[in-house]
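S.K.: Chain order of the listed sequences is L and G.
Per the UniProt record's numbering, the very first residue in the first sequence carries number 1; after that it's consecutive.
Per the UniProt record's numbering, the very first residue in the second sequence carries number 1; after that it's consecutive.
Careful: at least some of the hints might be erroneous.
As the list claims (entries may be wrong) - Over the 10 angstroms line for every Cβ pair with chain G, so calculated as not near, a few chain L residues: (1) 25; (2) 65; (3) 359.
Unchecked claim - Here are the in silico distance ranges between beta carbons for each label pair: (4) G/314 x L/321: 33 to 41 angstroms; (5) G/106 x L/390: 52 to 60 angstroms; (6) L/351 x G/386: 50 to 58 angstroms; (7) L/317 x G/187: 42 to 50 angstroms; (8) L/229 x G/38: 40 to 48 angstroms; (9) G/288 x L/229: 44 to 52 angstroms; (10) G/6 x L/434: 37 to 45 angstroms; (11) L/306 x G/17: 56 to 64 angstroms.
To be verified - Subject to a maximum C-alpha distance of 35 angstroms in a straight line, what follows is the list of computed DSBU-like cross-link-like pairs (lysine-lysine): (12) G/17 x L/393; (13) G/61 x L/16; (14) L/244 x L/255; (15) G/372 x L/266; (16) G/61 x L/266; (17) L/16 x G/69; (18) L/16 x G/372; (19) G/379 x L/16; (20) L/137 x G/277; (21) L/255 x G/69; (22) G/372 x L/313; (23) G/228 x L/137.
Note that these hints are calculated values from the structure, not bench results.
The beta-carbon is built from N, C-alpha and C at its ideal position, and this holds for glycine as well.
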Amino acid sequence: MISKAVIQELINELGKDNVISTPEDLLVLGYDATPGLHHRPDIVVYPTSTEKVQAALQIARKQGFPVTPRGSGSGLSGGSIPVKGGMVLCLNRMNNILEIDEENLTVTAQAGVITLDLANAVLAKGLFYPPDPASQKISTIGGNVMEDAGGLRCLKYGVTGDYVMALKCVLPDGSTITTGGKSVKDVAGYSFKDLLISSEGTLAIITEITLRLIPPPQTNQTMLAYFDNIETAGKAVSEIIAAKIIPSTMEIMDKTTINCVEDYVKIGLPREIAALLLIEVDGHPAVVAEESAGVQKVLKQVKATEIHIAANKEEALGLATARRMALSAMARVSPSTLMEDATVPRSYMAQTFAEIEHLAAKYNLIVGTFGHAGDGNLHPTVLCDERDTDQMKRAHAFFDDLYTKVLEWGGTVSGEHGIGIAKREYLARQVGSGGVAVMKRIKTAFDPDGILNPGKIFFDDQEF
Amino acid sequence: MIEQEKFGNFTHQDAPKYEDILQCMRCGFCLPTCPTFSLTGRERSSPRGRVALARAVGEGKMEFNQAMKEEAFFCLDCRACTTACPSGVQAGSLMEMCRAQVSQQHPLPKWQTGFRNFVLTKMLPNPDLMETSMLPARLYQQLGIQWLVRYSKLLKLGPKWIDKAEGMMPELHQPLRQNIPQFSPATGEKRGTVGFFLGCVMTLMYAEVSRQTIKVLNHQGFDIITPKAQKCCGAPHMTEGDRETTRQLAQHNLDLFMDLDVDAIVTDCAGCGAALKEYEELLAEREDHTRLQQFHSKIKDISEFLVEVGVRAENLIPVNKVVTYHEPCHLCHAQGVSKQPRDLIRAIPGVEFREMKEASWCCGSAATFSLKFTEASQKILDRKLHHVAETKADYLITANPGCHLQLAWGLREADMPQPVLHLIELLGEATPDH
């Protein structure tokens with residue numbers, strides 16, 4: 001419990017509307033989009049500036065309670081759940097775009113700006129911010145940096161972290177640091193910004209972000225390819241890359257996913273096929289024409305059963321939207337969905353699909369798989385009911401086995417969702433005890449009292 | 001009474017279902033579409049937050065407390081979240097259920113319940129009583145505004161609501177129900193027969209619009225049967241949490257219209273259309289499933305119907321106006337009818353259609369919301385008016401009496417030049433008088 005005096009102190013610093021302590025408000029700020037996880041915070045604050053973040057952190061440190069940063073709560077690994085109670089620090093009222101610098105091609109924004117709002121604002125100036133996580137309509141840019149969010153365009157354009165040029169952060173002691181800048185090159189000392197990217201709010205609270213922008217592609221072409229078995233789809237992915245074509249998007253959906261999506265959006269996807277690839281090439285019109293022809297040639301060679309070219313922008317957008325709906329469409333048909341984020345080197349795609357199929361049968365589960373095929377980043381999703389404990393056990397065993405294989409193939413336990421609470425054990429398997437030990441030392445260097453987002457990424461010592 | 005297994009701190013009767021709540025995976029896609037969340041920035045005033053509160057009540061982690069009650073009524077029930085929700089969560093319907101819980105778990109003092117019940121169970125369901133009992137100041141009383149004045153404290157109406165309520169009243173005509181023939185024949189080549197469901201608010205406040213609906217349908221080649229015995233669709237009762245009266249009204253209207261030999265049952269009120277389409281779910285426990293499906297498949301909003309059968313445009317008179325369209329929540333979100341009204345507008349010769357920004361964002365009317373939360377309602381309305389102004393349209397078109405009242409009032413207050421027209425009035429303007 002937090003004393004009335006401390007609440008008053010926070011109100012004095014942050015303003016009455018920005019401090020929340022009523023039980024019902026606290027209840028609804030203790031979750032994100034990760035199934036089955038919830039923990040009620042003791043207090044929630046909505047700072048409106050870097051200075052207010054500093055003030056809140058100083059009070060939290062003095063009182064010794066944990067601080068968990070939160071954006072829109074759309075995370076998928078439990079990163080913003082206050083597992084140890086304490087303070088949730090919501091950044092979504094810091095939602096101003098501070099500057100769009102057309103000479104240096106950068107945008108500087110407060111951490112709580114919604115990703116899509118930022119992308120639209122720079123687009124209005126004729127510039128392009130490529131990372132487009134599926135939740136871009138609601139995710140915050142701060143959350144994207146903290147999880148190093150990906151999206152549908154990573155194959156060609158990279159992930160959020162590839163666009164971060166500078167960060168302004170508040171450290172747990174209330175001091176601020178700025179790391180990076182607008183210079184294209186910067187090798188001065190340790191690259192703190194790279195350390196902070198995907199640190200899941202455990203090292204510092206980011207308040208301002210400067211992102212690199214690029215000119216938008218002049219045109220694009222979207223294609224759909226259907227396959228009668230999923231290995232062929234995996235092969236098509238490798239062959240397209242081997243033909244030295246880097247599409248901006250190369251997304252895969254398996255049969256279960258296709259049927260769920262079609263049930264929902266009804267855009268005429270064939271229900272009987274084993275897999276489909278959604279491929280987009282973009283750039284200069286001449287390049288697009290050439291690459292589009294190249295992709296189609298490969299698709300024919302590997303014997304895709306059907307190739308469909310989007311006739312216009314609206315149709316292309318419809319297809320991309322359908323892909324974005326994949327998880328949600330599956331959520332419609334089952335009470336719970338357990339989605340994972342396994343990522344393998346691209347050449348192991350086909351094996352991964354075979355393994356998923358094998359394990360789904362072994363554990364008697366319905367699994368829909370979709371994901372960023374071009375990145376080797378798959379989202380096998382178990383359709384389940386969190387009230388069925390036996391089924392949940394089998395689901396966890398399924399992922400356990402799958403990750404063993406993924407790590408064997410040199411993959412990673414998280415491509416873009418982060419470790420949070422959900423995957424701490426898998427992380428330890430991936431980086432080993434030595435790796436975890438170094439991460440903990442870095443954590444201590446930034447946060448000696450351990451007040452920032454405790455319980456995330458790795459287990460506390462006492463939890464072992 | 002529908003009894004079910006007791007779900008946590010909900011009562012047996014008319015409680016949300018656990019499955020419906022668990023369906024929410026908390027992705028947050030609803031947040032940017034929710035007018036009340038946009039207004040307050042408070043998670044508990046978002047669809048995701050409201051569902052989480054209901055879940056906590058159901059799981060016994062929270063009483064059905066004041067906060068749950070407040071959120072059940074602060075929700076506009078605009079259903080924008082239903083459209084946005086990829087997993088099919090019906091946060092609006094869940095909040096309607098919670099309203100039903102409010103009347104069970106937080107009952108009003110007896111004398112207040114008595115009067116409220118009189119209005120909801122005696123006056124509204126009985127059109128004769130509503131239309132004839134208080135003739136002198138027809139609208140003032142028929143809409144229960146006098147009652148609202150007396151019991152404004154009880155309803156927790158917002159500041160200045162009375163000015164607004166009076167300001168909103170349109171010029172009144174004779175209520176339609178008593179005056180139109182039960183049968184009005186098609187002109188030109190006959191294409192079919194439809195039943196006409198008159199909404200209470202339409203017939204009392206916008207009788208002229210409904211006259212236009214008859215004129216247009218006749219001109220389009222349809223015989224119209226308008227049964228006099230029809231009663232309120234039940235939406236006001238549902239909104240106030242009285243599901244039992246809603247069921248009785250639903251049963252009455254269902255039986256009445258299913259006895260008619262009609263191709264479709266048409267309404268020009270989006271709110272009624274949405275309610276009629278929900279009879280299937282509402283009566284699922286007590287009525288034959290096939291019959292419910294048949295009834296559902298016949299219910300059509302006027303624009304939905306006309307676009308489906310195809311508008312005969314050859315005799316239409318050009319209307320040389322620039323128009324924009326506000327989508328009633330109960331048409332686009334609750335019924336998924338969004339394209340048809342636009343198609344209909346475009347089918348009228350001479351009309352230039354200009355899309356406004358956020359056309360499907362609520363106008364802030366939302367049944368009694370605009371009187372209960374006058375300030376919140378005003379902010380939502382201002383956002384809408386701003387987008388209307390940007391279009392520089394001559395007419396603002398909509399298709400629901402609640403929106404109509406709110407928008408007409410807002411435009412007048414803001415000194416904006418556009419008149420508000422029901423979509424069917426626009427088509428009526430283009431339709432020759434026989």
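S.K.: If a hint holds in the structure, say so; if it does not, say that too.
M.R.: We went through each hint and held it up to the structure:
1. 25: The assertion about residue 25 of chain L is violated, with a minimum of 5 angstroms to chain G.
2. 65: Given a closest Cβ separation of 20 angstroms, the condition holds.
3. 359: holds, 23 angstroms
4. G/314 x L/321: 33 to 41 angstroms: holds, 38 angstroms
5. G/106 x L/390: 52 to 60 angstroms: Violated: the Cβ-Cβ distance is about 40 angstroms, outside 52 to 60 angstroms.
6. L/351 x G/386: 50 to 58 angstroms: holds, 56 angstroms
7. L/317 x G/187: 42 to 50 angstroms: Between residue 317 of chain L and residue 187 of chain G, where Cβ atoms are some 44 angstroms apart, the hint holds.
8. L/229 x G/38: 40 to 48 angstroms: For residue 229 of chain L and residue 38 of chain G the Cβ distance comes to about 47 angstroms; the hint holds.
9. G/288 x L/229: 44 to 52 angstroms: For residue 288 of chain G and residue 229 of chain L the Cβ distance comes to about 46 angstroms; the hint holds.
10. G/6 x L/434: 37 to 45 angstroms: violated, 54 angstroms
11. L/306 x G/17: 56 to 64 angstroms: Cβ of residue 306 of chain L to Cβ of residue 17 of chain G: about 41 angstroms, so the range 56 to 64 angstroms is violated.
12. G/17 x L/393: Judged against 35 angstroms, a Cα distance of about 25 angstroms means the pair holds.
13. G/61 x L/16: Judged against 35 angstroms, a Cα distance of about 27 angstroms means the pair holds.
14. L/244 x L/255: holds, 28 angstroms
15. G/372 x L/266: violated, 40 angstroms
16. G/61 x L/266: violated, 39 angstroms
17. L/16 x G/69: Holds - the C-alpha atoms of residue 69 of chain G and residue 16 of chain L are around 23 angstroms apart, at most 35 angstroms.
18. L/16 x G/372: Since the Cα atoms of residue 16 of chain L and residue 372 of chain G sit roughly 24 angstroms apart, the hinted pair holds (cutoff 35 angstroms).
19. G/379 x L/16: Satisfied, since the Cα-Cα distance of roughly 21 angstroms is no more than 35 angstroms.
20. L/137 x G/277: Cα-Cα ~31 angstroms, so holds.
21. L/255 x G/69: violated, 43 angstroms
22. G/372 x L/313: With Cα atoms ~44 angstroms apart, residue 372 of chain G and residue 313 of chain L exceed 35 angstroms; violated.
23. G/228 x L/137: violated, 49 angstroms
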